[in-house]
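Q: Top to bottom, those sequences are chains X and P. Counting from 1, position 280 in the first sequence corresponds to residue 280 in the UniProt record's numbering; the numbering is continuous, with no gaps. Counting from 1, position 221 in the second sequence corresponds to residue 221 in the UniProt record's numbering; the numbering is continuous, with no gaps.
Rather than coming from a laboratory, the hints here were simulated on the basis of the structure. C-beta atoms are modelled at their ideal positions from N, C-alpha and C, and glycine is treated no differently. Do not rely on the hints blindly, as some may be mistaken.
[To be verified] Derived CB-CB ranges, DEER-like: (1) X:A108 x P:H152: 50 to 60 Å; (2) X:V81 x P:A187: 28 to 38 Å; (3) X:D268 x P:I16: 32 to 42 Å; (4) X:L280 x P:G146: 47 to 57 Å; (5) P:G146 x X:F162: 13 to 23 Å; (6) X:I116 x P:I16: 31 to 41 Å; (7) X:G265 x P:Q88: 49 to 59 Å; (8) X:A128 x P:A145: 30 to 40 Å; (9) X:E93 x P:R169: 50 to 60 Å; (10) X:P121 x P:E167: 33 to 43 Å; (11) X:T131 x P:A145: 27 to 37 Å; (12) P:E167 x X:H95: 34 to 44 Å; (13) P:T241 x X:F162: 27 to 37 Å; (14) X:L91 x P:T72: 53 to 63 Å.
The primary structure of each chain is shown beneath.
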Amino acid sequence: MDTLVLLLITGLGLGALYFLVASGLSLIYGLMGVLNFAHGAFLTIAAFLGWEAGRRISDGTWTGLAISALVGILVGATVAVLTEVLIIRRLYERHIEQALVTVGISLAAVALFEGIWGTDPIYTDRPAWLTQTTEILGARIPNDRFLLIACAVLVLGGIVLFLRRTRYGLIIRAGVENRHMVTALGIDVRRSFTLVFAIGGAAAGLGGVLASVYYGYVSAHLGSVLLIFAFIVTVIGGLGSLTGAAIASVLVAVLQQFANFYLGGTGDLVVVVLLAAVLLIRPRGLMGKAA
Amino acid sequence: MTDHAALELEHVTLRIGGAHILKDVSLSVPEGEMLGVIGPNGAGKTTLFNIVSGVLRPTEGAVRLAGADVTTQPVHRRAAAGLGRTFQTSSLFPALDVLENVRLAAQVREGRAASVFRTPRRTDAATRRALAALEEVGMAQRAGAGASGLSHGEKRKVEIAMLIAMEPRVILLDEPMAGVGSADVPALTEVIRGLHRGGRTVLMVEHHMDVVLGLADRVAVMHHGELLAADSPEAVMANPTVQSAYLGSAA
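Extracted from the complex, chain X is given alone in its bound form (with noise of 0.2 Å):
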């Protein structure tokens, strides 16, 4: 019972940064046709920057933690705005070469963070909290899977709000479902890219920091690793889905944690396996608009 538990809430744990990443993936590719492999390293960037800000003003607390986290969002948010702006509009409707451009720029990325961070993993302070564990039914949870848990929650809930709530919400929603005919409202639909390219990179900004506790360090492979799993879970959710996305997060990282443990470390076998049963079985994802 115990084991079950630790394995359920790391796996949502894990499974709330496969959705911090995820989230953005889903939406831009949903909005816009863009699979933006360069996804990963706004994660990276971020989590970098991040630590760097919160060990210089506080390391190992809480306020440090929250320097860093803020420092992520802005940087991961910048970054992609700089991207879908300086990069991706310029080759909008070209599917191809935006997905040339964005192999092209994390390949770069993680060459840039390595010459300036090292190839080695750099080890992180946390809050004492965060490293202790707290008793569930008999299982022993480390504490940083609720604040995991807690965060994705809570972008989750931010985006739907946004989503349903805002008059660009709207825009966005229709955009997902036929953007040239939001275009033949006369909408410019191209302004709403940047802001999702916004949302996305800042999701994926406070995921980069999380990540660094999740692990304990940061490294410039940390956005690759996550971004391909990323992937499968939006195109196991749905590309497109928000919901999908949170579905499939939870789906993907619980069922790693139990193959894991149970079936011998074939955690990321299982996923794969899964994904090709979802691309022959429902090639549109569990929640996704019809091809």
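We have chain X; now place chain P onto it with these hints.
A: Just chain P, lined up with the frame of chain X:
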């Protein structure tokens, strides 16, 4: 002449490869007119609409909206400048409800500076215009319904409400009766007549001849990419060129 026609086409020609899709079409639509566009399949009616709305650019010639040359303007600019259109296929967003669909269109009329995070409350100007537009087409009681559950006729009405909410100068209706069950045709005809009565300028492509002849002030006849005639319904029906080219072949 200080007053410009609502819409003017000047020597509009479209060539794709070696083929003439449109040949030297000139047409002036005065403010408040309802112009029906008819012609056999492939005559260039939809191409003409696409050139007017900005989906296609003519090889030669100019498109003017209230005197302003919009030939090179993209779709969203023309739409914002007062050109609204419907499509042969449904242009509704199925995942949004009826009111949200219309409100989206109404937002076009809001200032560009409107805040990203502003909440569209029920009292918002856009929401009020959306509700008024739904009232005008008789769909106000369906405001909260999901767009995917509507009948064809209801969808057309909501699309027209979207046009009304955009407050366009010129409305293009691309086969408004397509796919609509015959029971819904009279009600929809009344909605379109209402559009026109409101003083709006309307261009309509439609295959139902009785609908066109009953509604339009003038009828333009297209054939093989050329404009054969643009005249009152009676005159067009009596025109021998039109009869041989279109009406004759249709019989």
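Q: All the hints need checking, so say for each whether the structure fits it.
A: Hints and how they fare:
A beta carbon spacing of about 52 Å between A108 of chain X and H152 of chain P agrees with the range 50 to 60 Å that was offered as a hint. Here the CB-CB span from V81 of chain X to A187 of chain P is close to 48 Å, at odds with the stated 28 to 38 Å. At roughly 51 Å, the beta carbons of D268 of chain X and I16 of chain P sit outside the given window of 32 to 42 Å. A C-beta distance of roughly 30 Å is found between L280 of chain X and G146 of chain P, which places it outside the suggested range of 47 to 57 Å.
For G146 of chain P paired with F162 of chain X, a C-beta distance near 21 Å keeps the hint of 13 to 23 Å intact. For I116 of chain X paired with I16 of chain P, a C-beta distance near 53 Å fails the hint of 31 to 41 Å. With their beta carbons about 56 Å apart, G265 of chain X and Q88 of chain P fall inside the hinted range of 49 to 59 Å. In this structure the supplied range 30 to 40 Å is violated for A128 of chain X paired with A145 of chain P, their Cβ-Cβ distance being about 54 Å.
Hint check: E93 of chain X to R169 of chain P, Cβ distance near 29 Å, so the stated range 50 to 60 Å is violated. Under the hint 33 to 43 Å, the C-beta atoms of P121 of chain X and E167 of chain P, about 59 Å apart, miss the expected range. For T131 of chain X paired with A145 of chain P, a C-beta distance near 53 Å fails the hint of 27 to 37 Å. Between E167 of chain P and H95 of chain X the beta carbon distance is about 35 Å. The supplied range of 34 to 44 Å therefore holds.
For T241 of chain P and F162 of chain X, the Cβ-Cβ distance of about 58 Å falls outside the hinted range of 27 to 37 Å, so the restraint is violated. At roughly 22 Å, the beta carbons of L91 of chain X and T72 of chain P sit outside the given window of 53 to 63 Å.
Hint compliance for this structure: hints 2, 3, 4, 6, 8, 9, 10, 11, 13, 14 are not met, and every other hint is.
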